[in-house]
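K.L.:
This is what each chain is made of:
Number of protein chains: 2
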Amino acid sequence: MLKKLIKILFGEPLSNEQAAGEKYNIPFGLAVMASDSISSVAYAGQEILFVLIGVLGLASYYWLGWISLMIIGLLFILTISYIQIIKAYPQGGGAYIVAKENLGTKLGLVAAASLLIDYILTVSVSASSGVAAITSAFPNLQPHAVKLVIISIIILTILNLRGVSESSKIFSIPTYLFILGMILLITYGVIKYFLYGAPTAKVNSFATNATGTLSIFLILRAFSSGCSALTGLEAVSNAVPSFKEPSQKNAKIVMILLSGLILFIFGGTSLLARFYHPVLPSNATILSQITFSVFGNSFMYYFIQITTAIISLMACNTAFTGFPMLMSVIAKDGFAPRQFTIKGKRLSLSIGIVVLSFISGILVFIFNADVHNLIPLYSVGVFLSFTLAQTGMIIHWKNSNESGWRKCVVINSIGMIVTFITTIIIIHEKFLEGAWIVIILIPILVFTMSSVWNHYNKVAEQLKVLKSDLENTSLGKKFTHIVIVPIASLNKASLSALQYARSITDDVIALSVSANKDELEKLKIKWNELNTDILLISKYSTYRQVITPLLQYLDTIADAASDTEKITVLMPQFVTHTWWGNLLHNHTGFFIRENLLRKSNIIISTYPYHLNDDK
Amino acid sequence: MLKKLIKILFGEPLSNEQAAGEKYNIPFGLAVMASDSISSVAYAGQEILFVLIGVLGLASYYWLGWISLMIIGLLFILTISYIQIIKAYPQGGGAYIVAKENLGTKLGLVAAASLLIDYILTVSVSASSGVAAITSAFPNLQPHAVKLVIISIIILTILNLRGVSESSKIFSIPTYLFILGMILLITYGVIKYFLYGAPTAKVNSFATNATGTLSIFLILRAFSSGCSALTGLEAVSNAVPSFKEPSQKNAKIVMILLSGLILFIFGGTSLLARFYHPVLPSNATILSQITFSVFGNSFMYYFIQITTAIISLMACNTAFTGFPMLMSVIAKDGFAPRQFTIKGKRLSLSIGIVVLSFISGILVFIFNADVHNLIPLYSVGVFLSFTLAQTGMIIHWKNSNESGWRKCVVINSIGMIVTFITTIIIIHEKFLEGAWIVIILIPILVFTMSSVWNHYNKVAEQLKVLKSDLENTSLGKKFTHIVIVPIASLNKASLSALQYARSITDDVIALSVSANKDELEKLKIKWNELNTDILLISKYSTYRQVITPLLQYLDTIADAASDTEKITVLMPQFVTHTWWGNLLHNHTGFFIRENLLRKSNIIISTYPYHLNDDK
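Chain order of the listed sequences is A and B.
Sequence positions in the first sequence follow our numbering and run 32 to 646.
Sequence positions in the second sequence follow our numbering and run 32 to 646.
Fair warning: there could be bad hints in the mix.
[Unchecked claim] Covered by chain B, according to a simulated footprint, are these stretches of chain A (three or more residues, beta-carbon under 8 Å):
#, segment
1, 86-100
2, 170-182
3, 361-373
4, 518-526
5, 557-566
If you're looking for bench data, these hints aren't it; they were derived computationally from the structure.
Idealized CB from N, CA, C, for every residue including glycine.
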């Protein structure tokens with residue numbers, strides 16, 4: 032039953048041969064990579080306006096345009112810089128790899144930590160933003176926003192555990208529908224404005240009460256809020272090997288198409304905001320307000336709200352692809368637990384996916400699924416990793432002998448300087464609002480990753496055998512054996528286990544600990560009926576506990592054993608063939624196993640006894 | 032580090048001798064048992080008013096009094112009925128035991144299911160109600176209500192995992208402070224009303240717009256909402272053996288004291304509501320509004336809000352005591368997984384506690400921590416179990432030979448009739464609002480519990496050995512052994528494991544599967560340096576996966592083995608002595624173990640290799 036459910040939810044297991052088919056062509060790749068960046072128009076413009084409107088009032092709509100232009104300029108620089116990375120790292124050069132190879136391990140880990148935090152926030156922010164599009168259109172869903180976001184994350188987790196290609200096919204349709212919607216919105220919105228002029232002015236007490244003046248700090252603050260529009264841009268360069276051949280060329284084309292899309296959609300909606308004056312703060316997103324101004328309460332309004340919601344949820348997918356892949360790279364380098372490299376039955380990096388959705392879900396819960404509260408944590412990591420990648424690229428070109436390396440150095444230097452300044456601006460402007468959390472987390476993560484690496488190294492050192500050791504090792508019969516079989520009663524399972532034990536050694540001890548005197552007596556009587564010289568040691572536990580006295584006894588025997596004696600504890604274990612059967616059995620055995628492993632040199636053996644569930 | 036944290040959170044482990052000290056005397060027992068019942072005044076009156084006020088308007092305050100009197104009448108009948116149960120079941124007679132013994136297993140399980148649901152809702156409702164008292168006093172905490180409730184449940188879980196006696200001592204102080212506060216509130220509120228008269232009438236648009244008329248259905252609806260005041264009454268009779276000796280007498284005294292308290296507090300606050308006309312719906316609870324009317328913005332107002340909050344949270348404790356205890360009883364009877372009987376290091380039934388807090392936390396999340404939405408699910412289970420307990424008692428007295436059994440039959444018959452009618456009223460009035468969920472859940476739970484019982488029984492049947500079997504079993508040496516040691520490389524751990532394997536049998540096979548050709552080559556070279564006749568089988572896995580080909584190979588060998596050959600897979604396992612060390616190792620081993628266990632008759636042995644973490 033559970034197996035059927037798992038199959039329905041996660042699909043049939045994929046054989047390894049199917050792995051190669053899981054790669055992106057240009058349209059699918061663009062759909063997967065684009066969602067993160069283009070969905071951010073749903074909140075980036077809003078965040079800029081949030082900063083401006085309380086200070087500048089109605090002049091904000093004018094300045095919104097200029098700040099959007101600054102961000103588009105930054106987009107231009109980043110696009111060129113990232114095409115350089117695709118060129119230099121055909122095997123996939125995320126900020127982690129570029130920084131590690133060119134700037135050393137420590138800075139590589141800083142980039143890795145930034146990216147991991149960034150991926151987690153991508154999920155939290157995008158999912159929250161997607162649900163905000165829905166609650167804008169259907170305000171009575173507002174009280175359920177957190178629940179809707181969490182459910183969305185769970186659904187995405189399941190889709191991603193099914194495997195990436197199938198996911199991207201599902202994801203590409205809404206991406207293109209959203210792009211279509213945006214083209215219609217911007218085109219029709221601009222035409223409508225020039226035909227019919229501005230709509231009647233709205234009441235915006237927040238804006239009309241504004242009394243502040245324009246300052247460079249205000250502009251920088253608004254700029255740092257808007258930088259969230261550029262998150263997700265690095266996805267393409269990370270994922271070069273995931274593209275179909277010629278993967279480098281395809282990735283480059285996708286990168287350029289993506290930037291074009293951001294330019295058009297982000298620029299276009301900023302223009303519409305200037306024309307249609309959305310109100311802030313409001314229960315509805317500004318994109319929802321603009322769309323309503325342009326299309327009214329029509330099909331197109333709901334079409335855009337729903338595609339915005341879906342594309343925002345799909346934006347999470349960038350992280351659901353990127354996070355596990357990055358974790359797997361880090362784990363292969365020994366900086367994270369090795370299980371992050373284990374692929375699931377559907378060839379997805381299951382553990383990374385689950386970890387990602389768990390942490391981002393908690394963030395959504397803590398921050399009440401409020402995009403505005405999450406944003407200050409978001410951009411720091413992104414721009415820090417941008418900066419490190421650009422810096423790494425400068426070193427890369429300097430050390431390379433390729434022709435034209437000087438031009439490349441210039442390009443990446445410009446990128447480095449711009450992203451570095453942006454990082455400083457973001458940290459400065461957003462520190463108290465949440466950026467401090469990221470500033471603290473990054474060194475903690477770097478330290479943790481270094482510790483993991485040290486641990487694996489120390490272990491390898493301890494386990495190492497030298498050539499001389501090998502030659503001197505004899506693998507003859509060195510040990511005699513004592514096998515102890517813990518039994519609760521004499522049944523078919525314990526009898527089989529005793530037979531197995533007896534054929535290993537003559538020194539078999541049956542050990543029974545019980546808090547029930549009657550049961551112990553019954554066991555002794557039955558034992559006498561059994562024709563055996565195996566020793567039965569039965570202990571009555573006065574204090575209900577069974578496991579502790581059993582462990583104590585085993586400890587005593589282990590301490591008394593000589594160097595040539597090996598103690599094996601053989602535990603009969605019921606094996607059921609229903610998923611719930613295992614919930615009903617073997618918990619005592621599990622506790623004994625865990626405790627023995629941790630404390631002693633006793634070998635623990637499990638003797639399976641298969642139960643017939645179907646009878 | 033983790034161990035230290037666990038100690039701080041959960042306290043030092045309690046030895047079994049300390050178990051006896053964990054019992055209640057009268058004041059502590061009252062404090063633990065009372066919280067559930069008396070904290071319900073914080074919402075029961077409110078729920079009655081909620082039903083009335085939209086229909087009857089200002090006349091509601093008058094009818095509130097009469098409905099409260101009906102509920103107090105019900106309280107009187109239930110108290111007498113439950114004292115009967117304490118008399119008849121000194122070993123603790125919850126509805127489950129009374130129904131099972133007198134009405135048969137099926138109805139016993141119905142009672143058990145009702146009680147389990149009831150306990151879960153006690154936690155959800157009480158914790159939400161407690162937080163509502165706080166958000167009434169501090170309205171800017173309102174958006175964080177769900178989070179506060181979840182945090183409260185987590186804190187209570189930790190306290191309860193520490194053990195019950197310590198908990199009850201912590202819990203008794205706020206209970207008595209709350210009782211003190213209520214006495215002051217009711218006394219001063221009544222005196223103030225008679226000295227100064229009613230306060231100036233408040234605007235209550237909801238009440239003044241009401242145009243409905245009084246009907247019997249309205250009264251029944253209000254009555255069914257108010258019945259939540261009587262939840263938790265059964266706690267005393269469940270917990271007779273937890274009282275100090277003479278436990279029966281102590282329990283009876285606590286039962287009477289408890290009813291007196293409910294009478295005074297519930298009756299008193301209903302009276303105050305009639306005098307001071309709290310407004311509904313409102314962001315503040317009606318208890319908060321009444322208290323504010325009586326004491327104004329004074330110390331006493333905050334005192335009562337805070338003690339209300341604390342006692343409501345402590346009310347959860349009734350469930351944290353009752354749920355795991357009931358689960359343990361059910362599990363001992365074979366109707367629930369046996370691990371519910373396992374006591375933790377602090378003598379608490381840890382698994383039951385964790386299950387309870389998990390499910391109730393999810394309910395809080397789904398229902399937005401809104402008491403009004405949770406109430407319809409609450410009372411059904413309570414009154415269904417009341418009815419079953421009373422019915423069971425009638426049969427009990429009929430079958431007993433005690434003098435005066437006729438009088439007892441009459442008392443419990445009245446109890447049965449009244450609670451049965453109340454159950455019908457609640458189901459009828461609250462069906463669509465949520466009672467249907469409980470009506471569906473109860474048969475599902477009963478079916479599940481029966482299935483668990485069937486499973487344990489079938490297993491016992493399969494394992495049973497007859498006397499003749501025992502006499503014919505020979506425990507001599509019957510088997511020859513093949514031991515397979517999966518190794519990834521030649522290191523100290525794998526060498527030790529091979530030595531152990533070799534001393535069991537000559538048929539040892541070292542098996543290595545790798546996706547890395549270089550590693551395999553290195554292993555082969557090293558193996559040749561080793562002077563051994565042990566067979567090394569190395570397999571190159573073309574598709575990155577390691578576990579699947581390994582399992583396939585083991586399957587092949589297992590299929591080829593004869594009846595007298597036993598296959599043992601010996602896995603070297605690294606043991607680390609830091610809590611995080613285990614996160615970094617042995618995951619492949621774990622997967623192999625799980626898969627082998629499920630499929631084959633292969634014995635799985637773990638060879639521990641202790642790593643020196645502290646170096």
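K.L.:
Indicate, hint by hint, whether the structure satisfies it.
P.N.:
Hint check results:
no.: 1; hint: 86-100; verdict: violated (count 0)
no.: 2; hint: 170-182; verdict: holds (count 4)
no.: 3; hint: 361-373; verdict: holds (count 4)
no.: 4; hint: 518-526; verdict: holds (count 5)
no.: 5; hint: 557-566; verdict: holds (count 6)
The structure fails hint 1 only (numbered hints given earlier).
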